[in-house]
Amino acid sequence: MRKEETLQKIKAAESQVRGTKETVLVERDRILRDARREAFELRETLRRQAETRYAEILKEAEAVTARQTEAILATGRDDADSVRGKAATNLEHAIERLIERFKGALNA
Numbered sequence: 001m002r003k004e005e006t007l008q009k010i011k012a013a014e015s016q017v018r019g020t021k022e023t024v025l026v027e028r029d030r031i032l033r034d035a036r037r038e039a040f041e042l043r044e045t046l047r048r049q050a051e052t053r054y055a056e057i058l059k060e061a062e063a064v065t066a067r068q069t070e071a072i073l074a075t076g077r078d079d080a081d082s083v084r085g086k087a088a089t090n091l092e093h094a095i096e097r098l099i100e101r102f103k104g105a106l107n108a
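The sequence shown begins at 1 in my numbering and counts up one residue at a time.
One should not assume that every hint holds.
Below, a list of computed lysine to any residue pairs in the SDA-like style, where the Cα atoms sit at most 25 angstroms apart [what the hints assert, rightly or not]:
1. 86 <-> 73
2. 59 <-> 45
3. 11 <-> 21
4. 86 <-> 74
5. 21 <-> 6
6. 86 <-> 98
7. 59 <-> 49
8. 59 <-> 72
9. 86 <-> 97
10. 59 <-> 48
11. 11 <-> 26
12. 3 <-> 25
13. 59 <-> 70
14. 9 <-> 25
15. 11 <-> 27
16. 59 <-> 47
17. 9 <-> 21
18. 86 <-> 102
19. 86 <-> 99
20. 21 <-> 35
21. 86 <-> 72
22. 59 <-> 44
23. 3 <-> 15
24. 9 <-> 30
25. 103 <-> 90
26. 86 <-> 101
27. 86 <-> 76
28. 86 <-> 75
29. 59 <-> 74
To be clear, the hints were calculated from the coordinates, so they are not data collected in a lab.
Taking the hints into account, I'd like the entire structure generated from these sequences.
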C-alpha cells in the first residue's frame, strides 16, 4: 500500500500544482486587465488635461493677438488722422494759392 499512498500523494500534489497554476494564471490575467484599464484611464485623463490646456493656450494666444491687432489698428487710425489733418492743411494752402493765381490772372 505504500506505493499506492505515494502515488495518491503525488497525484494530489500534481492536482494542487495544477490548481495553483490555474489560480496564478487567472490572477495574472486579472492583474493585466486591471493594469490595462488603469493605463487607459490614465491616458484618457492626460488627454483631457492636454486638451484643456491646449484650449487655454489657444484662448490666451487669441487674446494676445486681438490686443496686438487693436494696437496696430489704433496706431493706423492715429496715423490716418494725422495724414488727414495734413491733407486738409495742404488743401487749404492749395485753395489759397489757386485764389491768388486767379486774382493775379484777373488783374493782369
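Inset, instruction - Could you check the structure against the hints above and give me the numbers of any it violates, in ascending order? - result: Structure breaks hints 12 and 24.
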